[in-house]
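For the sequence shown, position 253 (counting from the first letter as 1) is numbered 253 according to UniProt numbering, and the numbering increases by one without interruption.
Hints listed in this document are in silico derivations from the structure and should not be mistaken for laboratory results. Please note that the accuracy of each hint is not assured.
Distance ranges between label pairs, derived from CB positions [said to hold, decoys possible]:
| hint | residue 1 | residue 2 | range |
| --- | --- | --- | --- |
| 1 | Lys-88 | Gly-23 | 44 to 52 Å |
| 2 | Pro-240 | Ala-166 | 42 to 50 Å |
| 3 | Arg-56 | Asp-123 | 24 to 32 Å |
| 4 | Gln-122 | Pro-272 | 35 to 43 Å |
Predicted model only: the values in this text are computed from it and were never measured. Note that the Cβ used here is the ideal one computed from N, Cα and C, for glycine as well.
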Amino acid sequence: MVVVTGASSGIGRASALAFAARGDRLVLAARGAADLAAVAAACGNDPVTVTADVTRRDDVEAVAAAALQRYGRIDVWVDSAAVMAYGKFEDVPAEVFDRVVTTDLLGPANVARVALRRFRAQDGGTLILVSSLLARITVPYVSAYTTAKWGARALTRTLRQETRDAPDIHVCMVAPGSVDTPIYASAANYAGFVGRPPPPVDSPERVAARIVRLADHPRAEVSVGLANRVIELGYTLLPPVYNALVTPLMRNGGLSRRRAEPGEGNVFRSEPRVEGGPGRFTRAQVSAVAVAATALVTLGVRRLRR
Numbered sequence: 001m002v003v004v005t006g007a008s009s010g011i012g013r014a015s016a017l018a019f020a021a022r023g024d025r026l027v028l029a030a031r032g033a034a035d036l037a038a039v040a041a042a043c044g045n046d047p048v049t050v051t052a053d054v055t056r057r058d059d060v061e062a063v064a065a066a067a068l069q070r071y072g073r074i075d076v077w078v079d080s081a082a083v084m085a086y087g088k089f090e091d092v093p094a095e096v097f098d099r100v101v102t103t104d105l106l107g108p109a110n111v112a113r114v115a116l117r118r119f120r121a122q123d124g125g126t127l128i129l130v131s132s133l134l135a136r137i138t139v140p141y142v143s144a145y146t147t148a149k150w151g152a153r154a155l156t157r158t159l160r161q162e163t164r165d166a167p168d169i170h171v172c173m174v175a176p177g178s179v180d181t182p183i184y185a186s187a188a189n190y191a192g193f194v195g196r197p198p199p200p201v202d203s204p205e206r207v208a209a210r211i212v213r214l215a216d217h218p219r220a221e222v223s224v225g226l227a228n229r230v231i232e233l234g235y236t237l238l239p240p241v242y243n244a245l246v247t248p249l250m251r252n253g254g255l256s257r258r259r260a261e262p263g264e265g266n267v268f269r270s271e272p273r274v275e276g277g278p279g280r281f282t283r284a285q286v287s288a289v290a291v292a293a294t295a296l297v298t299l300g301v302r303r304l305r306r
């Protein structure tokens with residue numbers, strides 16, 4: 001059976017639907033009861049639902065207890081719960097920054113602690129943590145999210161090292177690039193404009209398909225995104241060029257032109273979620289991003305040839 005935390009929207013929702021489509025038994029958890037009920041209804045097959053916040057250890061324990069009460073074991077646990085805040089570091093209130101890090105780093109830690117104890121007790125299981133391309137690179141205006149994802153990646157690797165004595169316990173990480181989910185529009189915002197996924201953008205269903213594949217064939221880490229490896233290469237090999245390009249690319253690709261008043265978004269509390277990003281790109285914006293990416297690769301090749 002499969003537990004999905006963060007199941008009410010985005011990648012978590014798509015994963016729940018993908019597992020349900022092949023007949024898996026499910027326990028679904030998220031902060032928003034109404035959105036969670038809607039996902040459960042779409043899944044069918046009578047999944048267990050638990051209103052839970054991954055930042056609260058007792059809530060995570062309650063999710064596991066519900067799974068064990070109904071099914072007696074947990075075979076796969078997928079954690080995709082996350083929140084985001086936009087704005088320059090000094091403009092984001094400290095309490096908002098701290099809450100994003102708590103949700104996106106300590107939340108997965110809470111899930112991992114409960115899941116691994118259960119897997120030890122039953123001699124096997126697969127933990128899949130949904131990370132991000134931003135666990136390997138940095139971009140401006142999302143410092144809290146990026147900080148948390150780097151920390152969660154370190155945690156994931158440590159957990160893999162500590163479970164080497166248990167060959168039937170698997171700790172996996174899936175790292176998507178831009179995905180068309182509600183997290184951007186729902187985010188806390190101190191940047192002045194509503195966030196959006198910069199191109200190229202994948203669907204949550206594509207990420208969910210990789211998660212289902214990981215459940216069947218565990219691997220340490222899977223990257224999902226057409227441009228992920230190119231961006232990582234530029235970040236690693238060409239820091240000056242990357243740093244010169246990333247801010248204008250983020251302003252034009254990662255922020256829409258829809259103005260946003262400063263606010264906490266859904267960082268501290270659940271809010272109704274609308275699937276899909278807040279805006280789509282004009283042909284000129286996509287072309288600008290493509291030109292900049294091409295310039296980055298060209299400069300890199302020239303430098304490597306010297």
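Cross-check of the supplied hints:
1. Lys-88 <-> Gly-23: 44 to 52 Å: The hinted range 44 to 52 Å holds for Lys-88 and Gly-23, with Cβ atoms some 47 Å apart.
2. Pro-240 <-> Ala-166: 42 to 50 Å: 44 Å, holds
3. Arg-56 <-> Asp-123: 24 to 32 Å: Given range 24 to 32 Å: holds, Cβ gap about 28 Å.
4. Gln-122 <-> Pro-272: 35 to 43 Å: Taking Cβ atoms as reference, Gln-122 and Pro-272 lie about 37 Å apart, which means the hint holds.
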